[in-house]
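Using the sequences and the hints, build the whole thing.
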Amino acid sequence: MKIARFSRGEGVIAFGIIDDEDGELVVLKSDPVFMGFETTGERVPLAEVKLLAPVIPRSKVVAVGKNYRAHAEEMGGEAPAEPLLFLKPNTSVIGPGDPIVLPVQSEQVEHEGELAVVIGRIAKNLTPEEASEAIFGYTIANDVTARDLQSRDGQWTRAKGFDTFCPTGPIVETDLDVEHGSIEVRVNGEVRQQGDFADLVHSIPDIISYASRVFTLLPGDLVLTGTPAGVGPIVAGDRVEVSVTGLGTLGNPVLDSPLKSA
1 MKIARFSRGE
11 GVIAFGIIDD
21 EDGELVVLKS
31 DPVFMGFETT
41 GERVPLAEVK
51 LLAPVIPRSK
61 VVAVGKNYRA
71 HAEEMGGEAP
81 AEPLLFLKPN
91 TSVIGPGDPI
101 VLPVQSEQVE
111 HEGELAVVIG
121 RIAKNLTPEE
131 ASEAIFGYTI
141 ANDVTARDLQ
151 SRDGQWTRAK
161 GFDTFCPTGP
171 IVETDLDVEH
181 GSIEVRVNGE
191 VRQQGDFADL
201 VHSIPDIISY
211 ASRVFTLLPG
221 DLVLTGTPAG
231 VGPIVAGDRV
241 EVSVTGLGTL
251 GNPVLDSPLK
261 SA
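Just so you know, the sequence shown maps onto residues 1 to 262 in UniProt numbering.
Among the hints, a few may not be true.
Unchecked claim - Dumping the calculated BS3-like pairs for lysine-lysine here, alpha-carbon to alpha-carbon at most 27 Å:
1) 29 - 60
2) 66 - 50
3) 50 - 60
4) 60 - 124
5) 66 - 124
Because the hints were derived from the structure by calculation, they are not lab data.
What follows is the structure, given as structure tokens:
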């Protein structure tokens, strides 16, 4: 089932189930992560709405570093024996078509396309076998990173945490074949990253289990699963597109911070 969060008219934001055959959204009464799939009976043409970030985490974005061996190697190291966790603030989340804004503090901002898991229930101390029970669905994310600040700071909070540094969308798919899926990242149409989810160092169940033993995962939390090799710079005027099998394409333009002209 494909779920979208969308806007129409003046300040009207809603959730809907995508009917691909008719090109419409079946409008839901509320956020399905919390309230299920009860519909209003209304249908809205997809062409008449703007798709938004499909999930705005109430709590946090959990991410995993160096979870593809080739990416770990390009970053100058080996893949960690355990998932390497870090957090991005929920204020970094934007939706499809929203601009990635380059901060004045950095001169080297890079793309990192990833598969993201949407948590659907409170999850604490799960085993890998129990992890699937906590998954609501999957979406696309871009773990935008100020690489120079990451190196300079010696930890990743600032480098990963700027506003607009977590594009997500365009939809949530509740039933995705992650065993055979793949990801591709393009900048201005040029392929930069490609990876198969079968190549993840730590599997999605292992990541969710591991994270749930560190902190409680809450409904609406996002868990980013790692990026393949090929990360690289983005500059103002670029357009970054992240495509995932079964999820479509997340596209975002890149803009300079307005502070640069101040």
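Exercise for the section: Verify the proposed pairing of residue 29 with residue 60, using a straight-line Cα cut of 27 Å. Expected result: Distance ~24 Å between residue 29 and residue 60 Cα, so the pair holds.
Handout entry: Restraint status (C-alpha distance of residue 66 to residue 124 at most 27 Å)
Key = holds (24 Å)
Exercise for the section: Assess, step by step, whether the Cα of residue 60 is no farther than 27 Å from the Cα of residue 124, and give holds or violated. Expected result: Roughly 15 Å between the alpha carbons, so the hint for residue 60 and residue 124 holds.
Practice task
Would you check the hint for residue 66 and residue 50, treating anything up to 27 Å between C-alpha atoms as holding?
Solution key: Judged against 27 Å, a Cα distance of about 33 Å means the pair is violated.
Handout entry: Straight-line alpha-carbon gap residue 50 to residue 60, limit 27 Å
Key = Given pair residue 50, residue 60 holds - Cα atoms ~24 Å apart, limit 27 Å.
Violated hint for the displayed structure: number 2, the only one.
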